[in-house]
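Chains A and B, in that order, give the protein sequences.
For the first sequence, the positions run 1 to 276 when the numbering used here is used.
For the second sequence, the positions run 1 to 136 when the numbering used here is used.
FYI, nobody ran anything at the bench for these hints, they're computed from the structure.
Hints are not guaranteed to be accurate.
If you want the ones that stay clear, here's a sample from chain A, every Cβ over 12 Å from chain B, calculated [said to hold, decoys possible]:
#	residue
1	R13
2	T35
3	L60
4	L95
5	A118
6	G198
Simulated DEER-style distance windows between Cβ atoms [unchecked claim]:
#	chain 1	residue 1	chain 2	residue 2	range
7	A	F51	B	I95	43 to 51 Å
8	B	T68	A	F43	18 to 26 Å
9	B	T119	A	L54	43 to 51 Å
10	B	A122	A	A84	52 to 60 Å
11	B	Q59	A	G107	26 to 34 Å
12	A	G88	B	E118	47 to 55 Å
13	A	F51	B	T119	35 to 43 Å
14	B	G35	A	R49	29 to 37 Å
15	B	P48	A	P216	46 to 54 Å
16	A	R105	B	T54	36 to 44 Å
17	B	A122	A	A46	30 to 38 Å
From a predicted model like this one, the values you see are computed outputs, not experimental measurements.
Idealized CB from N, CA, C, for every residue including glycine.
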Amino acid sequence: MTRAEGDKDEFSRFVTGLGRGVAGALLLALPMLMTMEMWYLGFYMARERLFLLLLLNIPLLILLAHRIGFEKTFSWREATRDAAIAYGIGIVTSLVVLTALGLLRGGMPASELVGKVALQSVPASIGAMLGRSQLGHDEGDADTKETSYPGELLLMAAGALFLSLNIAPTDEMMVLAYKMTTWHALVVAVLSIALMHGFVYAVSFTGGHELSPQTPWWHAFVRFTLPGYVIALAISIFALWIFERLGDSSPVEIMLSVIVLGFPAALGAAAARLIL
Amino acid sequence: MTRSEQGRHRERHDPHWIEWLTGLVSALLIAGMLGWVGWEAFTREAMPPDLSVTILATQKAKAGYRITFDIANSATTTAAAVTVIGRLMDGDKIIEENHVIFDYVAAESKSTGALLFETDPAGRQVDIRAAGYTDP
Numbered sequence: 001m002t003r004a005e006g007d008k009d010e011f012s013r014f015v016t017g018l019g020r021g022v023a024g025a026l027l028l029a030l031p032m033l034m035t036m037e038m039w040y041l042g043f044y045m046a047r048e049r050l051f052l053l054l055l056l057n058i059p060l061l062i063l064l065a066h067r068i069g070f071e072k073t074f075s076w077r078e079a080t081r082d083a084a085i086a087y088g089i090g091i092v093t094s095l096v097v098l099t100a101l102g103l104l105r106g107g108m109p110a111s112e113l114v115g116k117v118a119l120q121s122v123p124a125s126i127g128a129m130l131g132r133s134q135l136g137h138d139e140g141d142a143d144t145k146e147t148s149y150p151g152e153l154l155l156m157a158a159g160a161l162f163l164s165l166n167i168a169p170t171d172e173m174m175v176l177a178y179k180m181t182t183w184h185a186l187v188v189a190v191l192s193i194a195l196m197h198g199f200v201y202a203v204s205f206t207g208g209h210e211l212s213p214q215t216p217w218w219h220a221f222v223r224f225t226l227p228g229y230v231i232a233l234a235i236s237i238f239a240l241w242i243f244e245r246l247g248d249s250s251p252v253e254i255m256l257s258v259i260v261l262g263f264p265a266a267l268g269a270a271a272a273r274l275i276l
Numbered sequence: 001m002t003r004s005e006q007g008r009h010r011e012r013h014d015p016h017w018i019e020w021l022t023g024l025v026s027a028l029l030i031a032g033m034l035g036w037v038g039w040e041a042f043t044r045e046a047m048p049p050d051l052s053v054t055i056l057a058t059q060k061a062k063a064g065y066r067i068t069f070d071i072a073n074s075a076t077t078t079a080a081a082v083t084v085i086g087r088l089m090d091g092d093k094i095i096e097e098n099h100v101i102f103d104y105v106a107a108e109s110k111s112t113g114a115l116l117f118e119t120d121p122a123g124r125q126v127d128i129r130a131a132g133y134t135d136p
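Work the whole structure out from these sequences, hints included.
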């Protein structure tokens, strides 16, 4: 193969990667792009919280890129480049979709326009990053890789964050917490933990985890599932705080909404361990 | 540490002590949370929403006057669609009446809001009260 052909090949692979990124951003962020609360949050949420969310998205994307990547990334430099591309795709996709849906108009103040696009770019960029890994299968993924314990916990955090971002801004979250009694909350908490463990260990999905025959089941439960649930709850608190859902509520009410959001967050954390 | 091979992951049998420590701390946190919520479940009686309004400040706005207030719900049940009515009165005569609706006032929580009046409330009686709610 000549050098020019090689370059062309690389270029077309890169364009395919971009296409998959856009597809992933659309698939995973469309529910949020079409959620009313997300448009409102774009203009009323506190700017320092939005800024914090936008900043935190950067290390998250780099971590995801290092793990799955647009291209096979070996170094952190390449991971950073891929994270920047994913963020870019997220911003452009949000801008195009929000404009197409008539949510961005000329008469709006700049802070509203920027706020709406910036908020949506976070889930869209995560979607772009995941799109690459889930929609593409050109390289054999059968290689052996090891995930360190903190890496495993970070993956769970990423999964929990993605699902929380989907659900935390909606009013349904708070309504559920208001309607529930503390008994319901207890059931939801126990159910979250059980499903989390079941998803990863009991049900044989591809990507599921298994234990050596001589390891008792509660080893993985204590080492992975329980810390995973604590992470899911912590991410829920963070998401509720970012979207200003906590307000002046009493500790018990806050706990209830955290447990409600912890349910999808726990499933997201479990799914991340299966998928990534 | 987890080893991934052909899409399957296998947890190592000889984990680092930090994994056990993390697991233990998490178990304590979860037990604490469940214990707290469980304790609340046993001790908290369901009371109908109990709403009270406290006036915080009266400010001059661009057009008219703004009275900010907070509304507290001291009961263990959340009230929805809480209507707050504010009246400016001169003796027995109502000069101005306005209302505002709160989507929710959560159990044992506070919400803040404001009523806008055209007339200067200074020197007049201000009466702000919750007029009704629905169950969420």
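Tested hints:
Distance to chain B confirms R13/A as a non-interface residue, since its nearest Cβ pair spans about 23 Å, more than 12 Å. No beta-carbon of chain B comes within 12 Å of the beta-carbon of T35/A; the shortest separation is about 17 Å. With a cut of 12 Å on Cβ distances, L60/A stays outside the contact zone with chain B, its closest approach being about 20 Å. Every C-beta of chain B lies more than 12 Å from that of L95/A, the closest at about 31 Å, which supports listing it as non-interface.
Residue-level check passed: A118/A sits 26 Å from the nearest beta carbon of chain B, beyond 12 Å. For G198/A, the condition that its CB be more than 12 Å from all CB atoms of chain B holds, with the nearest at approximately 15 Å. Distance hint check: the CB atoms of F51/A and I95/B are about 45 Å apart, consistent with the given range 43 to 51 Å. In this structure, T68/B and F43/A meet the distance hint of 18 to 26 Å, their C-beta atoms being roughly 22 Å apart.
The supplied range of 43 to 51 Å is met by T119/B and L54/A, whose beta-carbon atoms lie about 45 Å from each other. About 58 Å separates the C-beta atoms of A122/B and A84/A, a value consistent with the hinted range of 52 to 60 Å. Hint check: Q59/B to G107/A, Cβ distance near 29 Å, so the stated range 26 to 34 Å holds. Between G88/A and E118/B the CB atoms are about 51 Å apart, so this pair conforms to the stated range of 47 to 55 Å.
For F51/A and T119/B, the hinted distance range of 35 to 43 Å is satisfied, since their beta carbons lie about 41 Å from each other. Roughly 31 Å separates the CB atoms of G35/B and R49/A, a value that falls within the hinted 29 to 37 Å. For the pair P48/B and P216/A, the beta carbons lie near 49 Å from each other, so the given range of 46 to 54 Å is met. Remark: the range hint 36 to 44 Å for R105/A to T54/B is upheld by a beta-carbon distance near 40 Å.
Distance hint check: the CB atoms of A122/B and A46/A are about 33 Å apart, consistent with the given range 30 to 38 Å.
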